[in-house]
Amino acid sequence: MPPIDPVFLIAAGVTVGAGALVVSLRNPVHAAISMLAAFLGLAVIYLRLGAPFLAAIHVLVYTGAILVLFLFVIMMLNLKPDELGVEYPLKIRIGIAALCGGLFALIALPLLQDHRELPKQAPPGFGTVESVGTALFNEYALAFELISVLIMVAVFAGVLLAKRKL
Amino acid sequence: MISHYLIVSAALFAIGAFGVLARRNLLIILMSVEIMLNGVNVALLAFARLHGNTQGQVFVLMVMGVAAAEVSVGLAILIAVFRNRKTVDTGDLKSLQG
Numbered sequence: 001m002p003p004i005d006p007v008f009l010i011a012a013g014v015t016v017g018a019g020a021l022v023v024s025l026r027n028p029v030h031a032a033i034s035m036l037a038a039f040l041g042l043a044v045i046y047l048r049l050g051a052p053f054l055a056a057i058h059v060l061v062y063t064g065a066i067l068v069l070f071l072f073v074i075m076m077l078n079l080k081p082d083e084l085g086v087e088y089p090l091k092i093r094i095g096i097a098a099l100c101g102g103l104f105a106l107i108a109l110p111l112l113q114d115h116r117e118l119p120k121q122a123p124p125g126f127g128t129v130e131s132v133g134t135a136l137f138n139e140y141a142l143a144f145e146l147i148s149v150l151i152m153v154a155v156f157a158g159v160l161l162a163k164r165k166l
Numbered sequence: 167m168i169s170h171y172l173i174v175s176a177a178l179f180a181i182g183a184f185g186v187l188a189r190r191n192l193l194i195i196l197m198s199v200e201i202m203l204n205g206v207n208v209a210l211l212a213f214a215r216l217h218g219n220t221q222g223q224v225f226v227l228m229v230m231g232v233a234a235a236e237v238s239v240g241l242a243i244l245i246a247v248f249r250n251r252k253t254v255d256t257g258d259l260k261s262l263q264g
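Heads up: the protein sequence lines correspond to chains A and B, in order. Take the first sequence: its letters are residues 1 to 166, numbered as in the numbering used here. Take the second sequence: its letters are residues 167 to 264, numbered as in the numbering used here.
Please note that the accuracy of each hint is not assured.
Taking lysine-lysine and the DSS-like style, the derived pairs with C-alpha atoms no more than 25 Å apart in a straight line are [what the hints assert, rightly or not]:
| hint | chain 1 | residue 1 | chain 2 | residue 2 |
| --- | --- | --- | --- | --- |
| 1 | A | 163 | B | 260 |
| 2 | A | 120 | B | 260 |
| 3 | B | 252 | A | 163 |
| 4 | A | 80 | A | 163 |
| 5 | A | 80 | B | 252 |
| 6 | B | 260 | A | 80 |
Cβ-Cβ distance ranges computed for the label pairs, FRET-style [to be verified]:
| hint | chain 1 | residue 1 | chain 2 | residue 2 | range |
| --- | --- | --- | --- | --- | --- |
| 7 | B | 255 | A | 7 | 28 to 34 Å |
| 8 | A | 59 | B | 261 | 38 to 44 Å |
| 9 | A | 56 | B | 251 | 21 to 27 Å |
| 10 | A | 113 | B | 258 | 41 to 47 Å |
What the hints contain is simulated information worked out from the structure, not anything from laboratory work. For each residue, glycine too, the CB sits at the ideal point set by N, CA and C.
Sequences are here, hints too, so could you generate the full structure?
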């Protein structure tokens with residue numbers, strides 16, 4: 001068995017560890033900062049998978065827009081510790097953790113039999129802006145247009161829902 | 167090996183699912199949904215790299231667009247709920263329970 005790529009190992013450890021922190025920390029600000037670590041680890045994984053363009057977009061969209069939006073909302077709500085709500089009792093949470101561990105095992109155990117190696121060298125031009133853009137604007141032009149409609153609807157919905165009085 | 171990447175993907179998805187099911191803070195639930203979507207992205211990119219096909223990367227872009235739309239609407243709903251009910255706890259939101 002060939003050794004595991006150490007860069008991937010570190011990035012995966014950071015991502016999964018920070019992801020576990022996001023779902024376990026009580027303070028939403030701490031959870032958002034852990035999510036930042038998870039997203040940066042994910043960007044490294046994307047780079048290892050030969051997707052430099054998507055790694056850049058990931059950092060821009062997730063840490064630049066989504067995470068900042070989360071932090072903005074957290075600070076706007078300004079929740080006191082007693083407003084954070086009551087979590088489920090520990091017994092229920094352990095049960096759900098077992099359920100999700102089972103889900104993980106269900107996916108991961110068959111994967112242990114999968115010994116396919118990634119090709120040493122990606123095809124030339126793989127993952128560049130040019131190749132992604134060519135596929136996006138030729139084969140998937142309709143999907144691209146639909147996404148733009150979806151985002152426009154989301155903009156309207158955001159304004160409509162968050163506005164105190166129209 | 168591709169299975170390493172897929173195992174990370176499955177782990178992220180399971181962690182996100184746990185967050186959605188076991189937490190009651192709406193903010194954390196939305197963050198968990200983001201983590202689940204990212205787990206799927208890792209799987210898409212791993213398969214794109216395995217087959218040397220760019221289409222997987224295009225779909226990751228689509229997932230990112232949907233995630234951005236979802237989080238903006240979700241947070242707007244969260245603000246509206248907090249303004250009316252002064253709570254972000256899903257356990258307190260049971261007016262539809264009958």
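Checked hints:
1. Distance hint between residue 163 of chain A and residue 260 of chain B is fulfilled; the C-alpha atoms sit about 23 Å from each other, no more than 25 Å.
2. Of the pairs offered as hints, the one joining residue 120 of chain A and residue 260 of chain B is violated, with about 54 Å between alpha carbons and a cut-off of 25 Å exceeded.
3. Only pairs whose Cα atoms come within 25 Å are accepted, and residue 252 of chain B paired with residue 163 of chain A is accepted, the gap being roughly 16 Å.
4. Our distance criterion of 25 Å between C-alpha atoms is met by residue 80 of chain A and residue 163 of chain A, whose separation comes to about 23 Å.
5. Proximity of residue 80 of chain A to residue 252 of chain B is assessed by CA-CA distance (about 11 Å); at most 25 Å being required, the pair is judged to hold.
6. Restraint check for residue 260 of chain B and residue 80 of chain A: the C-alpha separation of about 22 Å stays at or below 25 Å, so the hint holds.
7. Restraint check, residue 255 of chain B to residue 7 of chain A: a C-beta distance of roughly 40 Å breaks the suggested window 28 to 34 Å.
8. Hint check: residue 59 of chain A to residue 261 of chain B, Cβ distance near 40 Å, so the stated range 38 to 44 Å holds.
9. Separation of residue 56 of chain A from residue 251 of chain B is about 40 Å and departs from the stated range, judged on CB atoms against 21 to 27 Å.
10. Between residue 113 of chain A and residue 258 of chain B, the C-beta spacing of about 46 Å keeps the proposed range 41 to 47 Å intact.
Checked against the numbered hints listed earlier, the structure breaks hints 2, 7, 9; every other hint is satisfied.
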